[in-house]
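One letter stands for each residue in the lines below.
Number of protein chains: 2
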Amino acid sequence: MAVDYKAPIKDIVFGYEVIDSYNILNKISLFKDFSENIVITTMEECAKFAEGVLAPINSIGDQIGAVINDGVVTMPAGYKEAYNKFKEAGWASISLPQEIGGGGMPIALSGGTLEILSSANLAFGLSAGAISAINFHGSDEQKSKFLPKLVSGEWTGTMNLSEPQAGSDLGTIKTKAELAENGSYKITGTKVWITFGDHDMTENIIHLVLAKLPGSPEGTKGISMFIVPKILINDDGTLGDKNNVQCLSIEEKLGIHASPTCVMEYDGAIGYLVGEENRGLHYMFTMMNEARIWVGGQGLASASAAVQGAAQYARDRVQGRPVGMSKEDAKNASIIEHADVRRMLLTIKSYVDAMRYLMFDNQLMLDLEYFGEDEVTKSLGEERCAILTPITKAWLSDLGVELSSLAIQVYGGMGYVEETGIAQYLRDARIAPIYEGTNGIQALDLMFRKLPLDNGQAMQRLLGEVTNQIELMKNGSDLMVSLAKELEIHVSKLSEVTMWLATKMLDGQLVDASAAATPYLKMFGQVLGGYYMGKAAVLAEKKLKDGDNEFYSDKLTICKFYIQQLLPIASGYASAITAGKEDLFNIKAENF
Amino acid sequence: MAVDYKAPIKDIVFGYEVIDSYNILNKISLFKDFSENIVITTMEECAKFAEGVLAPINSIGDQIGAVINDGVVTMPAGYKEAYNKFKEAGWASISLPQEIGGGGMPIALSGGTLEILSSANLAFGLSAGAISAINFHGSDEQKSKFLPKLVSGEWTGTMNLSEPQAGSDLGTIKTKAELAENGSYKITGTKVWITFGDHDMTENIIHLVLAKLPGSPEGTKGISMFIVPKILINDDGTLGDKNNVQCLSIEEKLGIHASPTCVMEYDGAIGYLVGEENRGLHYMFTMMNEARIWVGGQGLASASAAVQGAAQYARDRVQGRPVGMSKEDAKNASIIEHADVRRMLLTIKSYVDAMRYLMFDNQLMLDLEYFGEDEVTKSLGEERCAILTPITKAWLSDLGVELSSLAIQVYGGMGYVEETGIAQYLRDARIAPIYEGTNGIQALDLMFRKLPLDNGQAMQRLLGEVTNQIELMKNGSDLMVSLAKELEIHVSKLSEVTMWLATKMLDGQLVDASAAATPYLKMFGQVLGGYYMGKAAVLAEKKLKDGDNEFYSDKLTICKFYIQQLLPIASGYASAITAGKEDLFNIKAENF
Chain A
1 MAVDYKAPIK DIVFGYEVID SYNILNKISL FKDFSENIVI TTMEECAKFA EGVLAPINSI
61 GDQIGAVIND GVVTMPAGYK EAYNKFKEAG WASISLPQEI GGGGMPIALS GGTLEILSSA
121 NLAFGLSAGA ISAINFHGSD EQKSKFLPKL VSGEWTGTMN LSEPQAGSDL GTIKTKAELA
181 ENGSYKITGT KVWITFGDHD MTENIIHLVL AKLPGSPEGT KGISMFIVPK ILINDDGTLG
241 DKNNVQCLSI EEKLGIHASP TCVMEYDGAI GYLVGEENRG LHYMFTMMNE ARIWVGGQGL
301 ASASAAVQGA AQYARDRVQG RPVGMSKEDA KNASIIEHAD VRRMLLTIKS YVDAMRYLMF
361 DNQLMLDLEY FGEDEVTKSL GEERCAILTP ITKAWLSDLG VELSSLAIQV YGGMGYVEET
421 GIAQYLRDAR IAPIYEGTNG IQALDLMFRK LPLDNGQAMQ RLLGEVTNQI ELMKNGSDLM
481 VSLAKELEIH VSKLSEVTMW LATKMLDGQL VDASAAATPY LKMFGQVLGG YYMGKAAVLA
541 EKKLKDGDNE FYSDKLTICK FYIQQLLPIA SGYASAITAG KEDLFNIKAE NF
Chain B
1 MAVDYKAPIK DIVFGYEVID SYNILNKISL FKDFSENIVI TTMEECAKFA EGVLAPINSI
61 GDQIGAVIND GVVTMPAGYK EAYNKFKEAG WASISLPQEI GGGGMPIALS GGTLEILSSA
121 NLAFGLSAGA ISAINFHGSD EQKSKFLPKL VSGEWTGTMN LSEPQAGSDL GTIKTKAELA
181 ENGSYKITGT KVWITFGDHD MTENIIHLVL AKLPGSPEGT KGISMFIVPK ILINDDGTLG
241 DKNNVQCLSI EEKLGIHASP TCVMEYDGAI GYLVGEENRG LHYMFTMMNE ARIWVGGQGL
301 ASASAAVQGA AQYARDRVQG RPVGMSKEDA KNASIIEHAD VRRMLLTIKS YVDAMRYLMF
361 DNQLMLDLEY FGEDEVTKSL GEERCAILTP ITKAWLSDLG VELSSLAIQV YGGMGYVEET
421 GIAQYLRDAR IAPIYEGTNG IQALDLMFRK LPLDNGQAMQ RLLGEVTNQI ELMKNGSDLM
481 VSLAKELEIH VSKLSEVTMW LATKMLDGQL VDASAAATPY LKMFGQVLGG YYMGKAAVLA
541 EKKLKDGDNE FYSDKLTICK FYIQQLLPIA SGYASAITAG KEDLFNIKAE NF
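In order, the protein sequences belong to chains A and B.
Each residue of the first sequence is one higher than the one before, counting from 1 in my numbering.
Each residue of the second sequence is one higher than the one before, counting from 1 in my numbering.
Hints should not be assumed to be uniformly reliable.
Pairs involving identical chains hold if they fit within one copy or between any two copies, as the list cannot separate such chains.
To be verified - Below are the BS3-like pairs computed for lysine-lysine, each with C-alpha atoms no more than 27 angstroms apart in a straight line: (1) Lys-581 x Lys-545; (2) Lys-588 x Lys-545; (3) Lys-543 x Lys-10; (4) Lys-331 x Lys-48; (5) Lys-212 x Lys-143; (6) Lys-10 x Lys-87; (7) Lys-543 x Lys-174; (8) Lys-378 x Lys-27; (9) Lys-186 x Lys-176; (10) Lys-327 x Lys-80; (11) Lys-542 x Lys-145; (12) Lys-542 x Lys-581; (13) Lys-545 x Lys-10.
No lab work stands behind these hints, which were simulated from the structure alone.
So here's chain A without its partners, still in its complex pose (with noise of 0.2 angstroms):
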């Protein structure tokens, strides 16, 4: 009963071409191949595998949920025997390089395989974070030792940042780690909130542990990072000793339960100093981006499985008289039928569509920051890459709790059952807006990192060229002028407390600037995806013109909707924004 999921793959083709992704990656030597065909063929395949493997065990991974008993973490049945099929397609490592064994595609391209992936199974969900750590920081040794059997999905990895006492401020952890024979280091401390911290799906787990020196400077400027393996490797390569790490419970949480949240505890545990000392918080930033792209990408993939069960019901329920309709032609008509039904897909249809082509820009913006060849590409990619990546993870999230909230409302009464498989997506998706940085320190980091970059000429320039798609819509057809001036509303609006928020950080007015955080990044996210709306229906209406017109003449349909109906809720966001400090520090801490 569960939703039966069929991967979106003409919507996520549809999406590779709205962001132009060949022509910009075919300019990098890498990816002078990367073409329609092989987006067509990796997401067919991938299709197979999240609709074949993943989607079934979705409902009992959540009934079952991972279960812990004397320190060891057991899987749900399937879960292993899925991982080792999502292992021997090499899902986990599409997007890494092929020198350490990836699949040398565009990060671009894991985009819609994350969506169908997680679409199929949020739960399900192995950050890669570890390895492009090990990459990006380690010794030769270090890569040579722990990077093949993590890339094959061997073994998996995991990031231990948080402490009970250090959650969003890193600068308050306590685990220590002490210099022990053979250059190794002694770690200790208790490490919170880590995903598949143990599990049973493979044989060993390498951690990524931030812990402290012994005399490092305080704060975030003496955290370093470890490389603390479950089981330690002999010099042959073999599994050796146990380690002494140790989870010691996991998290009864509202959703993605068969995603073990544990807490972990490291006694004296052997571990492998990554980089430099004092380094560690560095490195952890430097796969921020991706990861916080990823977690967007979980809020775009439960909104997009999320309709595709409120449509399939709204199609067969049979109920009630559509306004308009006939009392015959009433007696067979589905809830499709009814206006506000139709409201309710269409409102997540659209901005699953949205969401989809800020994340695949986003990811496209940082194949150009890793990989592009000169300097001009590279510093777009940067910058670009900078200011999407908060408003891919907080606007995205917070759509997939509020979306998949709307596809349990389309299914009535059986939504709020269990049994549907629709009220999982809710809970799932749920915690999105709170991992890899709350959505409210994305937005601090858009307003008081993103927004000041190159004394706020970059957010400019992501501006001009919203700019210039208005102006190229103006030459369009009447459509296109129509859906131009409605969107150059609200970007001139977003512009204007651009230039507010600018004023007053210049002042030093910083409190009234953070104040303006998340409004400001819910009106930017909602703009933006008028701007990629924009883009979408110049290329449908194009489009149009050859055969399949149904689909395009839908897209356009979808694109017009956005912006008439969807994008005039930015500038409600104008007020709060330029509201300042004022009102929200007026009443007392104990008045709350």
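With chain A held as given, fit chain B onto it using these hints.
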């Protein structure tokens, strides 16, 4: 670790003054002595019961839930004892008429107790609908046989409307009623979504069942209402044989686990016709307003309780360095010193106040409708209640979900852990937009039944009252003038789209109107919230001259925040309202 709920008595008492309840109710002879003292005493007593008895079993009710064995539903530990205290205190019947054993208080007063009881334990929600139905429409014999024990709480009542094929559309019910001996009937059929259809807290349960008599008209005009006791009652009033009614199963739900949602099987069960044949749906509708306001109240209650937990967590959790604070001060700074956390808390608090004023006023209008002694009063109550009810039901219940989710966000990672208790509010609140008529149905009700009332004059009178409030504020302080101006922008926009809709409906463009229903209701709710906040602001400013300045200056801040920072979203719905049906129906059902 669950939320330590304290009833917000002062806020509730203030609410009754905002809606001018004393002046209005004292004009009705039944309520001539209704006073702030009565409100305070009632809320204090209710708070004691809710905090001391209901809140402590809220978590266990969620974790254990109601269970069924061999057709018998057993409540979680503590619920039967809690129910006995609830019954003894008379909380179920506080607003029922004195002549049938109720408390004789205005319905408006039950708004405050509903908020408090539901905040403490949302699942503990037993509807009084069956009592009203029998009282309004039953025979004298039925009243004397069933009412005393229902009103005293010795028995509970249920409403049996839906069937598997008949949810939102009751015209298609199949349950049959056939005349049997002594003028009784035999009822046969399956009913679903029956809240507290079975439980072990009372000896008997009185079901009100909709069924069709042989040869009755098709559709909603052929439905009759029957009283079907779980245990038959002997002529001497003692309990007799078990009736042929059985709970087949209970639903596994996302939330309100302690509220058994039953599938009920009637297999030739003995039932008694209420009132006339084929008038059943009409009888149901007469008590629909109360029930729908009550569900809106559950949205309010969820948000009201959730923000308490979030505020307490935010005061306790020390983390991070708030923007603009010195490193030294930040060492002991809890997250409530972060502007963004304050924005989340103030957003919830502001909405909760607006929701409360709307609900209280809606109930006050119901008091005028039921108990008003002149035609002018009664018809004002009736028309105002007609318009406000769908808004109270839908706007409050949607906000209940959104704001409970926002409360989770304040907790960060801890919010996602069930142990904290905050996730339960989201899970519990999610039912309210669905039951007692989905929010989509509320929106259609507002559009097609309420907007055309008295040829649109009823709506104009309500909007006129909002305009009067604006004029009043324009003669006030600078702050009042500025709030009035903001409010005016959105009321004008609302009037504009209302006119557009009225014109469409006069032109017979009903599908365009139906397409606009949900955004229209959302916009209406947001603007009405602003109207009540305007009233509250005027009152708070006046009160500021007396003592207790902090409470009233906080209220003023809350009103200002709502009108300046939350209300502006309202006009963002306008273009969706006037967009018409086109986009929604441009896409084929199979393409969604």
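Verification of the hints:
1. Taking identical chains as interchangeable, the C-alpha atoms of Lys-581 and Lys-545 lie at most 27 angstroms apart only when they sit on different chains, with a minimum of 25 angstroms there against 52 angstroms within one chain.
2. For the identical chains of this complex, Lys-588 and Lys-545 are inter-copy neighbours only, at 20 angstroms across copies versus 62 angstroms inside a copy, given an alpha-carbon limit of 27 angstroms.
3. In this homomeric assembly, Lys-543 and Lys-10 come within 27 angstroms of each other (Cα to Cα) only inside a single copy, at 14 angstroms, whereas the closest approach across copies is 62 angstroms.
4. Taking the shortest alpha-carbon separations for Lys-331 and Lys-48, neither the intra-copy value of 38 angstroms nor the inter-copy value of 52 angstroms comes in at or below 27 angstroms.
5. Taking CA atoms no more than 27 angstroms apart as the test, Lys-212 paired with Lys-143 passes inside one copy only; the shortest distance there is 23 angstroms, against 76 angstroms between copies.
6. Taking the shortest alpha-carbon separations for Lys-10 and Lys-87, only the intra-copy value of 26 angstroms comes in at or below 27 angstroms, while the best inter-copy value is 60 angstroms.
7. Taking identical chains as interchangeable, the C-alpha atoms of Lys-543 and Lys-174 are never at most 27 angstroms apart, the minima being 58 angstroms within one chain and 51 angstroms between chains.
8. Taking identical chains as interchangeable, the C-alpha atoms of Lys-378 and Lys-27 lie at most 27 angstroms apart only when both belong to the same chain, with a minimum of 12 angstroms there against 75 angstroms between chains.
9. Proximity of Lys-186 to Lys-176 under the C-alpha cut-off of 27 angstroms is restricted to the intra-copy arrangement: shortest distance 8 angstroms within a copy versus 76 angstroms between copies.
10. Neither within a single protomer nor between protomers do Lys-327 and Lys-80 lie at most 27 angstroms apart by alpha-carbon distance, with minima of 53 angstroms and 47 angstroms respectively.
11. For the homomeric pair Lys-542 and Lys-145, neither the shortest alpha-carbon distance inside one copy (52 angstroms) nor that between copies (74 angstroms) is at most 27 angstroms.
12. Within a single copy, Lys-542 and Lys-581 get their C-alpha atoms only as close as 47 angstroms, which misses the 27 angstroms cut-off; across copies the closest is 25 angstroms, which meets it.
13. For the homomeric pair Lys-545 and Lys-10, the shortest alpha-carbon distance inside one copy (18 angstroms) is at most 27 angstroms, but the shortest distance between copies (65 angstroms) is not.
Taken one by one, the earlier hints fail for this structure at numbers 4, 7, 10 and 11, listed in ascending order.
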